[in-house]
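Novice: Protein sequences appear in the order of chains P and E. Numbering-wise, the first sequence is residues 1 to 558 according to the numbering used here. Numbering-wise, the second sequence is residues 1 to 176 according to the numbering used here.
A few of these clues could be false.
What the hints assert, rightly or not - Distance ranges between label pairs, derived from CB positions: (1) P:I344 / E:N79: 48 to 54 Å; (2) E:Q157 / P:G452: 39 to 45 Å; (3) P:V68 / E:V17: 18 to 24 Å.
Stated by the list, open to error - So these bits of chain E aren't anywhere near chain P, every CB distance computed over 10 Å: (4) G20; (5) N38; (6) G39; (7) Q92; (8) G104; (9) V114; (10) V119; (11) G133; (12) N147; (13) G150; (14) E159.
To be verified - In silico DSS-like links for lysine-lysine, alpha-carbon gap of 30 Å or less: (15) E:K127 / E:K63; (16) P:K267 / E:K128; (17) E:K129 / P:K267; (18) P:K296 / E:K134; (19) E:K63 / E:K115.
To be clear, the hints were calculated from the coordinates, so they are not data collected in a lab. C-beta: ideal position from N, C-alpha, C; glycine also.
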Amino acid sequence: MIKNTKCECGHQNPVGTVLCEACGKPQFEEKMENSGELLEMRYDGVARRSQRANPNFIDKVWNFFSSVKVAVYLIIITLVGAMLGTVFTQETMFVTINPETYYKTKYGTIGHIYYKLGLSDTFNSWWFILLLVMIGASLVICSLDRVLPLYRALSKQKIRKHMQFLTRQRVVYQGPIHENSAAWIERAVTPLKKKGYRVHTEGGALLAEKQRFSRWGPYVIHIGLIVFLLAVLFRGLPGLHMDEHYWFPEGEITPIPDTHFYLKNEKFTVEYYTEDEMSEDFKDQGKVVPKLFETKAVLYQCVARCDDPLAEPELKEVHRHNIQVNDPLNYKGFQAYQFSFENISELRSVQPTLVDKETGEVYGKFKLTMNDPDTEYQVGPYKLVLKDKYMDFGLDEQKRPISKSGEPNAPAFLFTITGPGLPEDGGQYIYFPYLQQQQYYGQDQLNQRLGGTNNKLELDLAAMTDVDIIEYNSYLNIRVDRVMPFVWTGLGIVMIGLIMGFYWQHRRIWLRVDDGIVTLGGHTTKNWFGMRREVSSFLQGMGIEVDEKSLDNGGNRS
Amino acid sequence: MGRARRPVQIIILTLIVILGGYAIGTAVFGGEKARPENGDSPPAFNLRGLDGQVHNLEKYEGKALVINFWATWCTYCVNEMPALQTQWEKWQDQDVVILGINTGEDDLTVKNFVKQTGVDFPILFDKKKEIVGKYGVVPMPTTFFVNKNGKITSIVQGELDLKTLDKQIDRLVKSR
Numbered sequence: 001m002i003k004n005t006k007c008e009c010g011h012q013n014p015v016g017t018v019l020c021e022a023c024g025k026p027q028f029e030e031k032m033e034n035s036g037e038l039l040e041m042r043y044d045g046v047a048r049r050s051q052r053a054n055p056n057f058i059d060k061v062w063n064f065f066s067s068v069k070v071a072v073y074l075i076i077i078t079l080v081g082a083m084l085g086t087v088f089t090q091e092t093m094f095v096t097i098n099p100e101t102y103y104k105t106k107y108g109t110i111g112h113i114y115y116k117l118g119l120s121d122t123f124n125s126w127w128f129i130l131l132l133v134m135i136g137a138s139l140v141i142c143s144l145d146r147v148l149p150l151y152r153a154l155s156k157q158k159i160r161k162h163m164q165f166l167t168r169q170r171v172v173y174q175g176p177i178h179e180n181s182a183a184w185i186e187r188a189v190t191p192l193k194k195k196g197y198r199v200h201t202e203g204g205a206l207l208a209e210k211q212r213f214s215r216w217g218p219y220v221i222h223i224g225l226i227v228f229l230l231a232v233l234f235r236g237l238p239g240l241h242m243d244e245h246y247w248f249p250e251g252e253i254t255p256i257p258d259t260h261f262y263l264k265n266e267k268f269t270v271e272y273y274t275e276d277e278m279s280e281d282f283k284d285q286g287k288v289v290p291k292l293f294e295t296k297a298v299l300y301q302c303v304a305r306c307d308d309p310l311a312e313p314e315l316k317e318v319h320r321h322n323i324q325v326n327d328p329l330n331y332k333g334f335q336a337y338q339f340s341f342e343n344i345s346e347l348r349s350v351q352p353t354l355v356d357k358e359t360g361e362v363y364g365k366f367k368l369t370m371n372d373p374d375t376e377y378q379v380g381p382y383k384l385v386l387k388d389k390y391m392d393f394g395l396d397e398q399k400r401p402i403s404k405s406g407e408p409n410a411p412a413f414l415f416t417i418t419g420p421g422l423p424e425d426g427g428q429y430i431y432f433p434y435l436q437q438q439q440y441y442g443q444d445q446l447n448q449r450l451g452g453t454n455n456k457l458e459l460d461l462a463a464m465t466d467v468d469i470i471e472y473n474s475y476l477n478i479r480v481d482r483v484m485p486f487v488w489t490g491l492g493i494v495m496i497g498l499i500m501g502f503y504w505q506h507r508r509i510w511l512r513v514d515d516g517i518v519t520l521g522g523h524t525t526k527n528w529f530g531m532r533r534e535v536s537s538f539l540q541g542m543g544i545e546v547d548e549k550s551l552d553n554g555g556n557r558s
Numbered sequence: 001m002g003r004a005r006r007p008v009q010i011i012i013l014t015l016i017v018i019l020g021g022y023a024i025g026t027a028v029f030g031g032e033k034a035r036p037e038n039g040d041s042p043p044a045f046n047l048r049g050l051d052g053q054v055h056n057l058e059k060y061e062g063k064a065l066v067i068n069f070w071a072t073w074c075t076y077c078v079n080e081m082p083a084l085q086t087q088w089e090k091w092q093d094q095d096v097v098i099l100g101i102n103t104g105e106d107d108l109t110v111k112n113f114v115k116q117t118g119v120d121f122p123i124l125f126d127k128k129k130e131i132v133g134k135y136g137v138v139p140m141p142t143t144f145f146v147n148k149n150g151k152i153t154s155i156v157q158g159e160l161d162l163k164t165l166d167k168q169i170d171r172l173v174k175s176r
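Just chain E, with the same shape it has in the complex (with noise of 0.2 Å):
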């Protein structure tokens, strides 16, 4: 008579392990709001670039990606940007995606800007100021660095020089 309610107790306390496990689990990790961290995903975001193009997470995948939010109002963004660009000269056939997302600017004063820089890495759209906010960036310019399995591995808040950035590449390159 015994021996049926052994399943019976096992599966209910499993049940309750699993979704009790959940609950906490949700709670002490808070949930999906927190901003990304090193060692998250960089949340997902689907955006038009400067090319007429869509650019999602999906479309680089295994590549390496160096995300920049950038305004050209932000003079270290601008600042930043002729290392950003040499950067992306050296280290693109290895790999590494630099994306550029503006922050809420339209598209003349982003094309005058890219005109008058000559930067070439892709540049997209964030008029709504959507992802910004899904990546909590706060002071400008930040960039996340992603390795080839999609992981952060660093957040960089405030202007990059050519040398850190080319350092924090490489470490990105070579990161598994």
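So here's chain P without its partners, still in its complex pose (with noise of 0.2 Å):
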């Protein structure tokens, strides 16, 4: 059925046109001309923009988001989605645990079917994802299906409307004048420019408007959730971000993984409540609870050779920050938050003295790292070359020296020393920092087997002071989000938005005098009461008493 979409002013309308685009008589109730109903403006009448006779699919899908039904059930369906994502904690929400299994023994039942659904990360689930996709979608082809032939409309307006145009707003008055029409029009010019409106004028009829930008508020806001949604959809792409935690060993400069910043841990300091601070319950349970967590960071960033792995980057410091729980660090949007901490107690280097055994004379003290010793040392008159070194000593199966692991836990160094008193070809001597250590394995066993150094020479700790020891690894969460830039961005449109729709409205008001009757239609987005006060006052100023209550045309909702 093709149906006549041509009003009797001669405009012709698109397709689901409820105004006539040009003089605003109603399209659809032919049959009821008198009908007093109040008219739908939404929109202004006109017609959605890709509405049409025969759709074809690409219309359909586009028809689809274009609906605000759909929009509205796409966002219960996400908000429930939502929902179900906080009934049990996230995956995300941990470090290391074994979903498969965490749910089934912390929840029960019901917690592993909630891991089989997938709802133990609902939102980052392909799912949960399509809806915000969707909702994005309908976002912009709602927007763009409204605000285009909105605009249209709204820029090119007839000043002329059609008699049931006028009568069936909202706010309505009809009465006799007493001078020539254009006079009368021509008078109601100046106090209605007095209160804010833009009046435009044609024969005898007038049209007055004003605020017609709180129109647009909606669709910023739209724009300003986009900006939002893209910013969080995109979070994944490289670069953008990253929330990791790593280990960082008290007095090391460590590298983060995937940037350019290195994090020194220059102090860990934790502080426990004492027994007084704490509470009868906790002080039986003999509970140990930290006050006070704390890591002295230093932030450096590798300003040259950064990816060269033969040359040492070149590092400079960019930020100095004290981590505590909830105070980060946070330079340029890299954070690193305190997350937890181990009590290690592992070696980092000692300054052994070398000493003459039979004379006790004290030939001086070198440093040796646990981790990438120089291989040659200079003390007094002896050199000592380090050959072998053990991170935590033991023997294999055949008796040969091994390390058992990568941890510094029993370190042992070979050297070979040359000087008087020594072999041409110098002495063997193995040394063991740790003191029981020493006796456990037997060192001054292992030397005379050795050979070479003869028993004169020996490397002694004589202080405290010369053992330098990691007490504290600190356990950070590093994170970066590029995206929060875009994420405020796009709030801050949304809230000039919400400002533009709230605090203004669009307020129009049409005139035509006809035979001496003057017909005045009135139309606002809110604030009825305001209008009718607005143009009651009006009237008054042209000579015209009326009641702000009798301009009121029913559907008194405001």
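From the two separate chains plus the hints, produce the assembled complex.
Specialist: Have a look at this one:
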């Protein structure tokens, strides 16, 4: 069936038009010419952009997303999905768990079902992202389909509207005037302008309009939401987002993978609550509760030779912060949060003194690091060459020395020492920094067997200050979130749109004079009370006394 | 009037499909952080070798790679070294490269070990244990077999004996 979409004023309207684009005459109810019902003024009665008489596949997809009803359902489904995602702690909240068993053991069968349904990672699931994408599509398409026709309709409004269009507005006045129609209209211009209206006249008709921009508020909100959504969806792009946990041993400059940053944990402090500070309950349970943990952190940025494994990178200090719980280090979006710590008491270096066992003469001391030690040392007249090193000393099946692990649990160093009183090719000397391990592994016996030093020399730790120990490992959560500025921008745009729509209203007054009778129709997007008051005060200025309430043409909602 | 809208509709719908597809794709396939699996490209590295040269994947493009993660304190790693050396001697003419990535030990230890065992395939230093992390290696040794197209064909955890190693490399060379 081909519908005739031509209005009686001669204007050809698109399919779906409610009110004629030109004269404003209602297009659907020709049968009941004199229906007194209020007009549907949404989008000024224009057709949605994409409505067609014979939609094809693309039109159908487009129309699906163009529907506000669909948008509302999408939002409801997304909200329900998001609610389900808050029932149990999400996988992403843990650093190391096995989700397959975690949910079952912690929450039982329900937890297992929850995991099996994929709800343990709701916010990264394909269906949740799909819903967000669909909401995004709906936002774009709904807005486009409405804002363009509305813009067109509002930017070329006809001044003289159909009588029905005026009498079926919610603010209506009709009454006689006792002067020339053109003169009356002319006289009406000034008081309307004073009230801030822009006034257009044409023969015996007038259109006054103000604050039209508030009509764009909702669309500005949508633009903001689209920026927000895009920012959230594309957080996964490389370099935009990082959320990792790393260990930072005290006193070490540790590189942070995938960045050019290095972080030094200068000092880690942990304080515990004393017995007096704790509740009776805790005291009885013998709980140990930390009061404070703090990492004195220094952030370095690599400025040269960053990706060259053959060279030492050149670092520049860029930031310094004492990281505490809820007080992260923050450098241009690079954040480090205190997450956990570990007391490791790991040996970093020792400064043994070379002593003559016979005379007691002290030749001097040198620094021996557990990781990457120098291989040659000159101490007094003696030269020590590091031949081998064991981090965790032990013997294999053939009684050969080996390292049992990569941790410095039982470090041992094998030197060749040359100098006065020693054979030409030097003597072998093995050294265990830990005193108790010297006895346990029998350092003296080993050295006797190795031979060469003839029990003449000895490495000795003179003072506790010669021992450097890494007390704590600080566990930091490293976060980079470069999309946050976009999120805030999006929200800022949303706020502007909200303000536009909330604090201003688009008000219009149409006037036409026919045979000495003036007809006034008024429309506003909200605050009808204010609108009626404005109209009545305008009419009063024109010499027509009207009660505000009598202007109300029904639909008394505000 | 309706004609001009069709391209706009098509452009917008295409954009939504592309952007949406990308967003869903990264959500489903987990982004970058997952440990590599069969069929993936091996994670990039840029490491210093015992020979004082820089070694990276680009250097060995077009060659089949056997990437072995090891340490001197790991008995199984030490046990499989001779097998790796034998296969290196057998296969190196056929564009097969064996890379031994040492995890977190210093030059002295590695040098002594290499001297003792006499291996001469490229040994690389991963002192900060960054690459081990990227490859998601948990038990040692772990060996990644990468074919000439730069795709991982298998990942073996634990000690490799001469026969399995030979079979694996043979498959690797034949795999296209």
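Novice: Looking back at the numbered hints, which does the structure fail to meet, lowest number first?
Specialist: Violated: hints 1, 4, 8 and 11.
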